[in-house]
Amino acid sequence: MPVRVGVVTFPGSLDDRDAARAVRVAGGEAVSLWHADPALHDVDAVILPGGFSYGDYLRCGAIARFSPVMESIVAAARDGLPVLGICNGFQVLCEAHLLPGALIRNDSRKFVCRDQVLRVESVDTRWTSTYRSGQEIVIPIKNGEGGYVADKRTLDELERNGRVVVRYAAGNPNGSYRNIAGISNEAGNVVGLMPHPEHAVEALTGPGTDGLGFFLSLIGAEVAA
Amino acid sequence: MARVVVDVVLKPEILDPQGQAIVGALGRLGINGVTDVRQGKHFELEVDDQVDDATVAQLADTLLANPVIENFTIRRS
Chain D
1 MPVRVGVVTF
11 PGSLDDRDAA
21 RAVRVAGGEA
31 VSLWHADPAL
41 HDVDAVILPG
51 GFSYGDYLRC
61 GAIARFSPVM
71 ESIVAAARDG
81 LPVLGICNGF
91 QVLCEAHLLP
101 GALIRNDSRK
111 FVCRDQVLRV
121 ESVDTRWTST
131 YRSGQEIVIP
141 IKNGEGGYVA
151 DKRTLDELER
161 NGRVVVRYAA
171 GNPNGSYRNI
181 AGISNEAGNV
191 VGLMPHPEHA
201 VEALTGPGTD
211 GLGFFLSLIG
221 AEVAA
Chain X
1 MARVVVDVVL
11 KPEILDPQGQ
21 AIVGALGRLG
31 INGVTDVRQG
41 KHFELEVDDQ
51 VDDATVAQLA
61 DTLLANPVIE
71 NFTIRRS
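Chains as they are written, first to last, in our numbering: chain D, 1 to 225; chain X, 1 to 77.
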């Protein structure tokens with residue numbers, strides 16, 4: 001039985017199909033989830049993909065966060081369902097308060113689109129268990145509002161409890177506090193990151209295959225259970 | 001019916017790159033003496049009489065503003 005990974009499409013989502021493809025490359029079954037449908041269709045995990053849901057109107061992810069599917073995902077995530085938020089998906093997770101902090105406009109005022117070196121830190125999440133802590137990986141980033149901010153108390157707590165999942169190495173593209181590129185919740189089932197691992201799963205279409213681990217961690221772990 | 005105005009501004013400790021871009025543009029207009037600009041959002045709501053202040057505050061706090069990074073004020077006209 002292949003692992004079923006739901007990929008949500010909001011109005012304006014862009015990278016849902018690439019996320020679905022990454023799931024398939026990793027050996028899973030991608031299940032399309034429509035934003036207006038509250039049913040999760042027996043998926044084992046959910047991905048909130050990148051893009052510009054609702055045109056980034058009001059704030060990135062601020063409207064998508066109130067979708068019927070998100071009500072179900074928030075409840076399921078609190079019960080342990082693995083959820084991966086990529087870029088706009090990370091923004092949705094922060095707006096929905098499944099993750100702390102917020103994403104603001106890049107300090108450089110530029111939309112940055114480049115291959116970025118990241119350092120994997122926490123491998124205690126459902127999405128990073130196949131990496132080594134300290135491993136450097138190359139993952140494409142493309143964002144204009146990717147600056148991660150949070151108050152000092154939250155930042156210290158994230159660091160202290162090993163909830164920083166990936167950090168920008170070799171340059172901070174957007175002013176994220178403490179070079180944080182991705183974080184997890186306390187339980188480690190919800191992960192949000194600005195870079196796009198789904199764009200680094202095949203040598204033909206990416207800088208390499210360093211992103212595949214995010215999907216293998218989830219799918220491989222499920223298979224082993 | 002009443003009109004309610006909600007103004008949302010980034011918290012002072014949050015970097016405002018748009019405001020900085022505006023300061024740069026002011027310089028090019030030849031206007032001196034404006035040392036800082038912060039850009040916010042202005043919402044005008046038409047509300048029925050039964051929509052009370054607590055409801056507007058909740059609306060502002062959950063949708064119009066992100067309390068992690070923004071402050072808001074509410075004004076009834």
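Keep in mind the hints are simulated off the structure, nothing from the lab.
Incorrect hints may have been included.
Computed cross-link-like contacts, DSS-like style, restricted to lysine-lysine with a CA-CA straight-line distance of at most 25 Å [claimed, not checked]:
#1 K110/D x K142/D
#2 K11/X x K152/D
#3 K110/D x K41/X
#4 K41/X x K11/X
#5 K11/X x K110/D
Which numbered hints are broken by the structure, listed smallest first?
Hint check: nothing fails, all pass.
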